[in-house]
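S.K.: One letter stands for each residue in the lines below.
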Amino acid sequence: MSFLIAGLALVLLAGASAVVFHRWPRVAAGTYVTLLLAGAMVALVPALRVLTGARLPPLTIPTRVPGGAWVLALDPLSAWFLLLVLGVGAVAAVYGTWYLAGERAKGGVPQAQFGFAFLLVALALVVTAQAALFFLAAWELMALACYFLVVFDDRRADVRRAGMVYLLATHAGTLLLFVVFGLWGRNAPDLTFRSLEAAAGALGPARSALFALGLVAFGLKAGFVPLHFWLPEAHAAAPSHVSAIMSGVVIKIGVYGILRLITLLGTPPAWWAWSVLALGVVSGVVGVVWAVAQHDLKRLLAYHSVENIGIILLGLGAGALGLAYQVPALAALGFLGAVLHTLNHALFKSLLFLGAGSILRATGTREMEQLGGLARRMPLTWIAFLVGSAAIVGLPPLNGFVSEWVVFQALFTAGLSGTPAALGLFAAAGLGLIGGLALACFAKVCGTVFLGHPRTAAAQAAAERSVGSWGPMGILVLACGFIGLAPTMVLGPGVRVVGVVAGMTPSAAAELAAPVTHGARLISVTAALLAGLIGLVAVLRLRAVRRAGTATSETWACGYEAPTARMQYSASSFAAPLVGLFGPLAGVAVHRTANAFATHPANLVLDRLLTPVWRGVRGASGRLRPIRKGRLQLYLLFIVATVSLLLVYVAASGGEP
Amino acid sequence: MTGTPWLALAIALAVAPAVPGIAARTRSLLTGRRGAPILQLYSDLAKLWRKSAVYSTTTTWAFRLGAVTLFATTVLAAGLLPFDGRSALLRFAGDFVAFAGLLALGRFALILAALDTGSSFEGMGASREATVGSLVEPALFLCFAALALASGDLSLSGMLGTSPAHLWSTAGPGLAMVAVSLFLLALAEAGRVPVDDPTTHLELTMIHEVMVLDHSGPDFALIQYAGALRLTLFGTMLAGVVIPLAALPPALSIAVWVAVVGVVAVAVGVIEATMARLRLARVPQFLVAAAVLPAFAVILLLGSGA
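Those protein sequence lines, which keep their order, are chains X and L.
If you number the first sequence the way the numbering used here does, the last residue is 657 and the count never jumps.
If you number the second sequence the way the numbering used here does, the last residue is 1306 and the count never jumps.
None of the hints are false.
One-sided excerpt, in silico: chain X residues whose CB lies under 8 Å from chain L: (1) Ala375; (2) Val393; (3) Pro396; (4) Gly415; (5) Leu425; (6) Leu433; (7) Leu437; (8) Ala443; (9) Cys446; (10) Gly452; (11) Leu522; (12) Leu533; (13) Val537; (14) Gly549; (15) Ala551; (16) Trp556.
The following residues of chain X were derived to be distant from chain L, with all beta-carbon distances above 10 Å: (17) Thr174; (18) Tyr325; (19) Leu360.
Hint data in this document are derived by calculation from the structure and do not stem from the laboratory.
Even glycine gets a Cβ: it sits at the ideal position worked out from N, Cα and C.
Only chain X is shown next, with the shape it has when bound in the complex:
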C-alpha cells in the first residue's frame, strides 16, 4: 500500500511541477512527464501484485467524522481498474503535454495539467476506497476535476454548455449515491464497505431499491441509454486527451460502481440481471445507431462509448443471471466478458480519441465531411486509427474481438443452461447487430476521413506531427495487438477479478473459465495463421502483379472524365441507408436539395426530452413567484409553518424521529 500512496503522491507532485515551472515550458513538460510516469509505475506495482495473486492488507485511517474509518484496500477488482486508470492515464497525460503545447498562448495550460494529474489521483482513490464517505469524497473530486478539464476551452459557448450539462448530470448521480449509502448505513455500525456488506442481508426489500438507485447513480457516470445525454457533449467539447481518459476510464468508473454494488449487495434477484441485460441491448444498439448518424468525429466516438458500455452491460447482465439462477459457469463467463471489455474498450477508445486529437490539430476540424485523404498525409495516425477501428468493431486478431467472443460465449452458455436465463440467448442477436453496425460506422469514419481525396484545403495541408503526437498512440496500438494475439495473458488476472465479483475462490473461477482459456490459446493460433495467410497471399499477389505489370490512371468513374473531390461519397450519404432503416430512432434531420444531401443528428434525450422538461419546471416555478417576493414577514411565516409541521410529525410518530 505504501507503494500506492507514494506513487499517487508523485503523480500529484507532477501536476504541481507543471504549475511551479510554468515560466519554463520545457522544464515543466519534462518534470511533469517524468514524475507522472514514475508515479504511475510505482503505484502500479501493488496493483500488478494483487492481480497475480498477492494479498495486501488494507490501510485504515481512523477519523472522527461519522461513518467510521477511511479504508483504502486493493482487491483484484480495484487493482484491475487501477491498472486502467494509471495505464491509460499515463499515456493520455504524455499525449496531453504535446496536445496542449499549442494552447500555451491562450493560458490555463499548467492548471489543465495539474487538473489532469489531480484527476488521476482522484480516480485511483475512487477505485481503492472501501468506505462510503471516503468513496464519495474521491468521487466528488473526480467529478469536479473532470468538469474543469472539460471546460478548458471556456471561451466557446458550446463548451460551457457541455460542461454545465455534465456538472448537472454528475451531481444528480452523486446525490443519489448519498441516498444509497445513507439508507444502506442505517442498519450498519459504520459506513465501511465491509460493514455495509454485512448489513446487506438484513436490508430486505430495501435491497432492490438500493440497487435500482445505485444503478441510476452509476449509470449517470457510465452513460448508458437513456442516462448518456451529457456524454457526447462533454466528450466532444473536452481537449482530446481528456476525452480519451473520460471515454476510456472515467465512464468505466460507473461500471466499477455497478460491479462493486453487486459484490456488496450479495446474490442478485433475477430482475436486476434482466434489467442490466436489457439496458445493455438498448444501449448497444441505440448507441451505435446514433454513432452512425454522427458526422462530428469526436461526438461519433462518444456515441460509440455508449455502445460499448452496452456491450459491457451485456456481459455484466449475463454474469448476474448466472448468480441469480445459480449457473456458476455463466456467472464466470459473463463477468469475465464484462471486465475484459472494460479494459479493451479503455485501450482502443483512448487510442481513437488521441487519433481524433491529432486530426483536429492537423486540420483544425473534427467535421468528417471536411476531411478526406489523410492516409497519405498522416500515415502513422492512419495506421493507429485503423487498428483502433478494427479493434472497436470487434474484428480478429485484435483485443475487441477477444472480449466480444467471451460475451458471446456467456450468452450462449445462458442459452444452454436449462434455466430461465436461456432467454438471454436473444441478446446474442443484439450483439451481432451491434457488431455489424459498428463495422458500417467505422468503415464510414475511415473512408471519409482517411481515404479518397481531401475535401478541403485544410485536409489537403494536413501533415504528420512530432513523436509526441503518434508515440502515445503507438503504445496503445501495441497493447491492443498484444491482447488480441495473446489473450491468455489477461485472462488470468481477469479471472481473479471475476472471483471477487461472483464470490468464488480464484481457483473455482479459473476452473469455470477453463474453456475460455483453452479457446484463447486457439485464438492465438488463429491470429498467427491469419497473419501468415495474409502475408502469403500478399506475396503471391505481389509476384503476379510484378510479372504482369501495372498501369496507373484516374479512378474509374464509369466514363466520366473530370471527377472532383466533392463528388466523393460523403459520410451523410454513406450512413443514409442505415439511418433510413432506423427511422425516427436515429433522430436525424435530413437536408436534401437538388445538389446536396446532408443529415443532421440530434441528441434525442437531451434536446427532445430533458430540455423541454426542464423548461416546463422553470415555467412552473415562475408561477410560484407571487409567494416569494422578498417580503421578510412572508418568509418568517414559512419558517414557522415548517417548524410547526415538523413538530406535529414528531408528535404523531410517537417521539421517534
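Since the structure of chain X is already known, use the hints to place chain L on it.
M.R.: Only chain L this time, still in chain X's reference frame:
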C-alpha cells in the same frame, strides 16, 4: 489431427469456383439459353491472375491489401468449418464467433479498399454492402444460437457435426427454419438475386459488383475466388444442418457434402431464373425475414427443453 480436415479444405478450395458456374448454368438453361461452361470461372481466374492491373492514382496500400485480406480471411474461416461433418482444422468453444469475425474482417477490408478509390460509385456500393452486412450478422448469430441449442455444443464442429442429425426427429422444425435462413443468408452474403444481381449492367443498382469496379488483374481474381468460396461455405453449413454427414463413411460424407453444395448452387440458379432482384429498400425486409426464422427456431428449441 488427421489429414482429413486438410483434404476437405483442399477440396473446398478446388470446387468453389464451380459453384457460381453451376448457378449461372442453371439460370441460363431455365431461361432458354445455353450459357457459359460450368467451369468458366476457373479460366477467368487463371486469366485474371496473369493480367496486368490498373491502379487509380488515388489509391494507397489500403486498396492493395483489401482483396488480399478478403481472400485470406475467407480461407481461414473455411478452416473453422467441418466440411465432412467431422472436426474442422481448428475447433474451440465459441469458434463460430471467430468465423463471423473473419468474414466481417474481409468485408471491412474490401469496403475500405472501395472507399480508397474516392469514387462515388464505389462509395455507394460500400455503403450498401455495409448495410446488408450489418443485417446479416444478427441473423447468422441467431442461426448459430438455434444450432447450439439443438446440439448442446458451442463449436461449429459440434453444431454442424454429428449432433443435429440425430435431433431431426426432436428438433426438426427448428433445424428446417435454420436451413432456410442459412440459404437466404448465402444469397445475401454472396451477392445473389434477390439481394443483389451480379450480372446487371447498371452500376446504380448493384451492391457488390459496383464496390469492386476499380479492381483488376490478380486483385479481382482474389475477390472472385473469395466470393465463390463464401457461397461454398454457406452451402457447407447448410449441408451440415441437413445431412448427418458424420454418420456416413468418410469418403461418402465428402461426396455427399460436395453434392449438397452443388444442389445449393442449382437452387441459387433457379431463384435467379425465376425472381427479379428486390428493390434496395426491400432488401432489409428480406434480411429481417432471414433473422426471424432462426429466432422462431430458438423459441421452439427453448420451449421443447432442448
